[in-house]
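Order-wise, the sequence lines are chains A and Y. Count the first sequence with this note's numbering and you get residues 1 to 149, in order. Count the second sequence with this note's numbering and you get residues 150 to 561, in order.
Hints were generated in silico from the structure; no laboratory data involved. There could be a bad hint or two in this list.
As the list claims (entries may be wrong) - Just a sample of chain A residues kept apart from chain Y, beta carbon distances all over 10 Å, derived:
1. Asp4
2. Phe29
3. Tyr50
4. Thr55
5. Ala57
6. Ala67
7. Arg100
Stated by the list, open to error - Where chain A lies over chain Y, by a calculated footprint (3+ residues, C-beta under 8 Å):
8. 178 to 191
9. 480 to 488
No residue lacks a Cβ here, since even glycine has one placed at the ideal position from N, Cα and C.
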Amino acid sequence: MFDDVRDLYQDVILKHGRRPEHMRRLASFDATAKGDNPMCGDRVQVWVKYGADDTIAETGFEARGCAISIAAGDLMTEAVQGLNRGEVGRLFADFGDMVRTGTCPDCMGLERLKPLSGVHEYPSRVKCATLPWHALIAALDDKQEASSE
Amino acid sequence: MNDMSRHFDVDTIRRQFPILDQKVHGKDLVFLDSAASAQKPRAVIDAMVHAMETQYANVHRGLHWMSERTTDAYEAARDAVQGLLNAADRSEIVFTGNSTAAINLLAHSYGRAILRPGQAVLISAMEHHANIVPWQMLRDATGIELRVADITDAGELDFADFEARLADGRVGLVAITHMSNVLGTYTPVERIVRTAHAHGARVMLDGSQAVVHRTVDVQALDCDFYVFTGHKLYGPTGIGVLYGKRELLDAMPPFMGGGDMIASVSFERSTWAPVPHKFEAGTPAIIEGIGLKAAVDWVRGIGFDAIAAHEATLTEHALARLANVEGVSVVGRAQDRGGVVSFTLDQAHAHDVATLLDRQGIAVRAGQHCAEPLMRRLGLDSTARASFGIYTTTQEIDFLADTLVRVSEFFK
């Protein structure tokens, strides 16, 4: 019945949406921020611990939201491991392009995030995929709150 | 009109809504989002097109034939709404942009000029943002108090709490929904009005949802103000109504200034037109007014007895079917409720549910439904909401329930 939504709900998304591996609050952390999507009620908080050279050593998150936002948060924590603020910003920009257009031909480092490319066919869901990123960027910029609106 | 109400036939009704033939993702449209905005019958579409094609000009200002005809058609909408609400006088019907605009008008005009610092506005915990935020803005601007009457866990007004908040006699205005857009709960409006009046408070009822589903008689209710919007009543967007008792409207200052709302203007001072025009500055939503009249006539032609009976059947059917879908929890258990059913699904978030339903052609709303404080009161982040209209069928509800079973399996 739902074959045509498989581009959105790929197995990877369903798996990470159902059993996220990084959904936890870090016991010790250097930065944290919340993201809130008031129109739909999604909420996320991201915690970051820095390693050497201000790169990300560890990221954890908690989210109350849909499978897309939870999977996006989980995949994000893996994708940003070892990156610094500038690199995370560039990756988020590329990720944003991908979820809005479906492709990002010149983008590097998006392999892990590719299962979310199906979101582009569901414009109202793009903000679900980007909410955890907004929270992460806010945390890296020492802000407490982000909004995907 | 009695003939039609005796022979209510949903197929006949559906044939009058051109959009219901549309396919969505290749599937038949199953439109279960009428509480957000209802679809439009042919009578409304034709009335608006006909007006634009044959008798359009600005209203209340032309001395020419076209303007006079358009004015007549537009003002006939006021008569139609007077009839719909059984208002005592046509001047008690003020046209606004929608319910939100009507409540903002009331908050600005009545709120600033009539309510005094130290007085309070009393709302409930199940209001739409449109009946929360204007009062918060009034509170912050003038120092009135904003009180909130709680609801029960069943999703009904906690009447003891409501009455307790009136007890000190400082509530100047009760502004409360007639029917919750999330829970489908009807509030006990007769009792609300009686109790509020006994404590010296005026009452505004937000009828955005209720006016679509049951007869509203503002004189029998004795409410002081009643607001609703056209687009949920099978009419166009861009036109809504503020009903107010004449003596209250007379005492209220204008909200917006401009053309159409004045008696005379000089650079020293201006004087106001009588109600309702005092509150209708600028060129109004003319075509939308004509469309609203067509919608009111069409709905009254079918009759609220027939509509209420049909929707009661739908609601009962939906509650029974959804109760048998594993993992589905319906939110709210009010005794007196209409065709708005919010629910959660254990296995999936409301957005995921809505996306999968959409792919089967089923349109529901998901999220907080412009009622964030209510969601928090219920301990929820979001719900999916199926809401029914005059054209909804039990087969569509069956398809919803069957599809929810599959959605549940998909996310298991």
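Self-check item: Coverage claim, chain A over the segment 480 to 488 of chain Y, checked by counting residues with Cβ within 8 Å (three needed)
Solution: Answer violated; 0 residues pass the 8 Å Cβ test.
Quiz prompt | Minimum Cβ distance from tyrosine 50 of chain A to chain Y greater than 10 Å, as the annotation requires | solution = holds, 31 Å
Self-check item: Outside-interface status for alanine 67 of chain A - nearest CB in chain Y farther than 10 Å
Solution: violated, 5 Å
Quiz item: With a Cβ-Cβ cutoff of 8 Å, does the segment 178 to 191 of chain Y contain at least three residues near chain A?
Solution: Check failed, 0 qualifying residues.
Quiz prompt | Distal placement of arginine 100 of chain A relative to chain Y, Cβ over 10 Å | solution = holds, 17 Å
Quiz prompt | Assertion that alanine 57 of chain A lies outside the chain Y interface [Cβ separation over 10 Å] | solution = It holds; alanine 57 of chain A is separated from chain Y by about 30 Å at its closest Cβ, greater than 10 Å.
Quiz item: Taking the closest pair, is the beta carbon of phenylalanine 29 of chain A still more than 10 Å from chain Y?
Solution: At roughly 24 Å from the nearest Cβ of chain Y, phenylalanine 29 of chain A sits farther out than 10 Å, so the non-interface label holds.
Self-check item: Minimum Cβ distance from aspartate 4 of chain A to chain Y greater than 10 Å, as the annotation requires
Solution: violated, 6 Å
Quiz prompt | threonine 55 of chain A remote from chain Y - nearest C-beta pair above 10 Å | solution = holds, 33 Å
Checked against the numbered hints given earlier, the structure breaks hints 1, 6, 8, 9 and satisfies all the rest.
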